[in-house]
Amino acid sequence: MSFRHILAITRKEFNHILRDRSTMILVVFTPLVMLLLMAYALTVELQHIPIAILDYDRSATSRDFVQQIVSGNDLDLYAQVGSIAEIEDLLMHGDVKAALVIDPNFSRDLLAMRGMPMQVIIDGTEPESGGFAVEHIASRAEEFANKALSTQIQMMGFSADALNPLDLRIRTWYNPGLKPRNDLIPGLISMVLGMPALSVALALAHEREHGTMEQLMATPIGRGELLIGKMIPYIVAGLVNVVILPLLAISWFNVPFNGSFPLFFALSALFMFAVLSMGIIIGVFMKSQAAAMGVSFLMIFFPGFFLTGIFFPIVSMPEIMRLESLGMPGTHYATITRGIFLPGVGMEILWPYAVMLVLLGFSFTGIASLFFKKKLG
Amino acid sequence: MEILYIVLAMVVVGLIAGFLAGLIWKDDRKGDYPVAIIAAVITGLLDWFVIPMMGFSDTLKWAGIATEPLLVALGVLWLIRYSKKNQ
Numbered sequence: 005m006s007f008r009h010i011l012a013i014t015r016k017e018f019n020h021i022l023r024d025r026s027t028m029i030l031v032v033f034t035p036l037v038m039l040l041l042m043a044y045a046l047t048v049e050l051q052h053i054p055i056a057i058l059d060y061d062r063s064a065t066s067r068d069f070v071q072q073i074v075s076g077n078d079l080d081l082y083a084q085v086g087s088i089a090e091i092e093d094l095l096m097h098g099d100v101k102a103a104l105v106i107d108p109n110f111s112r113d114l115l116a117m118r119g120m121p122m123q124v125i126i127d128g129t130e131p132e133s134g135g136f137a138v139e140h141i142a143s144r145a146e147e148f149a150n151k152a153l154s155t156q157i158q159m160m161g162f163s164a165d166a167l168n169p170l171d172l173r174i175r176t177w178y179n180p181g182l183k184p185r186n187d188l189i190p191g192l193i194s195m196v197l198g199m200p201a202l203s204v205a206l207a208l209a210h211e212r213e214h215g216t217m218e219q220l221m222a223t224p225i226g227r228g229e230l231l232i233g234k235m236i237p238y239i240v241a242g243l244v245n246v247v248i249l250p251l252l253a254i255s256w257f258n259v260p261f262n263g264s265f266p267l268f269f270a271l272s273a274l275f276m277f278a279v280l281s282m283g284i285i286i287g288v289f290m291k292s293q294a295a296a297m298g299v300s301f302l303m304i305f306f307p308g309f310f311l312t313g314i315f316f317p318i319v320s321m322p323e324i325m326r327l328e329s330l331g332m333p334g335t336h337y338a339t340i341t342r343g344i345f346l347p348g349v350g351m352e353i354l355w356p357y358a359v360m361l362v363l364l365g366f367s368f369t370g371i372a373s374l375f376f377k378k379k380l381g
Numbered sequence: 004m005e006i007l008y009i010v011l012a013m014v015v016v017g018l019i020a021g022f023l024a025g026l027i028w029k030d031d032r033k034g035d036y037p038v039a040i041i042a043a044v045i046t047g048l049l050d051w052f053v054i055p056m057m058g059f060s061d062t063l064k065w066a067g068i069a070t071e072p073l074l075v076a077l078g079v080l081w082l083i084r085y086s087k088k089n090q
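In order, the protein sequences belong to chains G and B. Under this note's numbering, the first residue of the first sequence is numbered 5, with each subsequent residue one higher. Under this note's numbering, the first residue of the second sequence is numbered 4, with each subsequent residue one higher.
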């Protein structure tokens with residue numbers, strides 16, 4: 005393997021990236037734009053869910069209760085209705101996502117400290133909004149009932165603590181506000197950094213499609229040299245994003261970065277190597293750019309979405325799917341980015357993932373170089 | 004000590020894979036043995052130490068180490084033959 009040969013191919017590929025604006029955009033700017041778009045689109049926090057209330061009791065207590073239910077930003081009172089038929093109409097038109105029905109004996113049962121039947125009707129076609137409404141109505145109702153009961157218990161001369169014998173104290177480590185973006189954005193970085201893999205697959209297919217691969221085959225450059233030389237510029241371009249994306253995450257989305265940046269950079273370089281090797285394999289087998297594009301999406305981006313644990317926890321997957329996820333560089337890198345961003349762990353925890361990235365990178369490059377023919381026909 | 008046993012066991016698996024390769028492809032390539040040993044040792048260490056750290060069950064660890072090193076070593080030897088043929 006000659007360093008001069010690799011350098012020659014690397015220089016040629018650098019020129020290609022710098023002079024071809026579309027490749028430049030794909031390699032450098034697309035990950036940035038994708039991160040911005042996905043971070044906003046995928047971390048929508050549910051708020052202002054419209055609900056309807058049917059209050060059969062119509063007492064001062066039930067009015068207080070309704071006030072308590074809609075006191076936050078989570079639920080909005082869309083309408084107070086007079087019948088179930090009206091609720092049905094609002095749900096059918098999609099005006100409300102849930103409805104709360106208050107029993108005629110609500111205040112009497114509350115005073116008598118009896119069970120208070122209540123009904124929540126939700127729109128099952130949007131389970132997320134419906135479930136959110138149920139959860140928040142239940143928690144507010146519990147708060148209201150506890151407050152009312154503790155007042156009564158105190159009036160009877162007992163301590164209000166009798167209502168809450170369990171003193172549960174929750175401490176959330178690493179992501180105290182349980183902010184979805186803090187968890188999702190480091191994971192998304194692993195996904196959008198896969199974009200240069202698409203470019204390298206397209207670059208190889210482009211050479212084949214335009215016949216320039218024949219000229220390269222006629223040179224004394226070896227198979228491995230050609231593939232490594234092609235990969236290096238995309239790794240460098242990807243590493244530019246390894247600096248920009250965390251900066252964007254920290255400064256724009258306020259994601260905490262508690263780990264070591266040099267470690268993050270080094271492990272990102274390993275990831276770039278592994279994921280670009282996947283791109284190289286695709287480029288070696290695909291004869292046209294269209295095919296390379298399609299297969300890249302099938303092999304890199306779709307599994308990146310479903311198998312790498314960014315959106316669905318890997319531990320909940322069947323073991324066969326978990327094994328499949330081991331073959332994806334994104335799985336290991338997502339663990340690395342989350343580990344470095346939030347708890348700020350080091351190599352003592354992350355080494356198995358780094359080992360996997362190295363092995364995947366060498367295996368993919370080895371396979372690509374073995375299957376890459378320097379012959380025509 | 005555990006690592007030594009694994010490496011020794013995988014060296015044996017690599018030797019078996021190198022011998023099997025000669026029988027399967029009916030040739031006698033001396034280079035098969037070191038390649039098969041390296042492939043088996045790396046796969047064995049991966050199955051024994053790295054995979055369990057990622058939360059996989061012990062059953063899978065044992066199943067992996069019983070089958071994967073031999074299969075991976077044979078796979079690598081096949082890849083090399085395939086690549087030589089197409090060069």
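FYI, nobody ran anything at the bench for these hints, they're computed from the structure. Do not take every clue at face value.
[Claimed, not checked] Straight-line alpha carbon distances no greater than 20 Å define the calculated EDC-like cross-link-like pairs of lysine to aspartate or glutamate that follow:
| id | chain 1 | residue 1 | chain 2 | residue 2 |
| --- | --- | --- | --- | --- |
| 1 | B | LYS64 | G | GLU218 |
| 2 | B | LYS64 | G | GLU323 |
| 3 | G | LYS377 | G | GLU146 |
[Stated by the list, open to error] Facing chain B, according to a computed beta carbon distance under 8 Å, are these residues of chain G, among others:
| id | residue |
| --- | --- |
| 4 | PHE7 |
| 5 | ARG8 |
| 6 | VAL244 |
| 7 | VAL319 |
| 8 | GLU352 |
| 9 | PRO356 |
| 10 | MET360 |
| 11 | LEU363 |
| 12 | ILE371 |
| 13 | LEU374 |
[Stated by the list, open to error] Chain B regions said to be covered by chain G (calculated; three or more residues, Cβ under 8 Å):
| id | segment |
| --- | --- |
| 14 | 21-31 |
| 15 | 44-53 |
Treat the numbers as computed from the prediction; the structure is a model and nothing was measured. The beta carbon of each residue, even a glycine, is placed where N, CA and C say it ideally should be.
Cross-check of the supplied hints:
About 46 Å separates the Cα atoms of LYS64 (chain B) and GLU218 (chain G), which puts this hinted pair outside 20 Å; it is violated. Taken as a hint, the LYS64 (chain B) and GLU323 (chain G) pair is honoured in the structure, with Cα atoms around 12 Å apart against an allowance of 20 Å. Using a Cα cut-off of 20 Å, the hinted pair LYS377 (chain G) and GLU146 (chain G) is violated, with the two alpha carbons roughly 70 Å apart. Interface restraint check: PHE7 (chain G) against chain B, minimum CB-CB distance 22 Å, threshold 8 Å, status violated.
Taking 8 Å as the C-beta cut-off, the interface hint given for ARG8 (chain G) is violated, the closest approach to chain B being about 22 Å. Evaluation of the VAL244 (chain G) hint against chain B yields a violated restraint, the C-beta minimum of about 30 Å exceeding 8 Å. Taking 8 Å as the C-beta contact cut-off toward chain B, the hint placing VAL319 (chain G) at the interface holds, the least distance being around 6 Å. Interface hint at GLU352 (chain G): violated, since its Cβ lies 11 Å from the closest Cβ of chain B, which is beyond the 8 Å cut-off.
For PRO356 (chain G), the interface hint holds, the least distance from its beta-carbon to any beta-carbon of chain B being 4 Å, beneath 8 Å. Here the hint on MET360 (chain G) is kept, as its CB sits about 7 Å from the closest CB of chain B, short of 8 Å. A hinted interface residue such as LEU363 (chain G) counts as satisfied when its beta carbon comes closer than 8 Å to some beta carbon of chain B; here the least separation is about 7 Å, so the hint holds. A hinted interface residue such as ILE371 (chain G) counts as satisfied when its beta carbon comes closer than 8 Å to some beta carbon of chain B; here the least separation is about 7 Å, so the hint holds.
Using the Cβ-Cβ criterion of 8 Å, the hint placing LEU374 (chain G) at the interface with chain B is satisfied: the shortest such distance is roughly 4 Å. Remark: the segment 21-31 of chain B is not confirmed as covered by chain G, as 0 of its residues place a Cβ nearer than 8 Å to a Cβ of that chain, below the required three. Three residues within the 8 Å Cβ limit are the bar, and the segment 44-53 of chain B against chain G gives 4, so the coverage statement holds.
The earlier numbered hints that this structure contradicts are 1, 3, 4, 5, 6, 8, 14.
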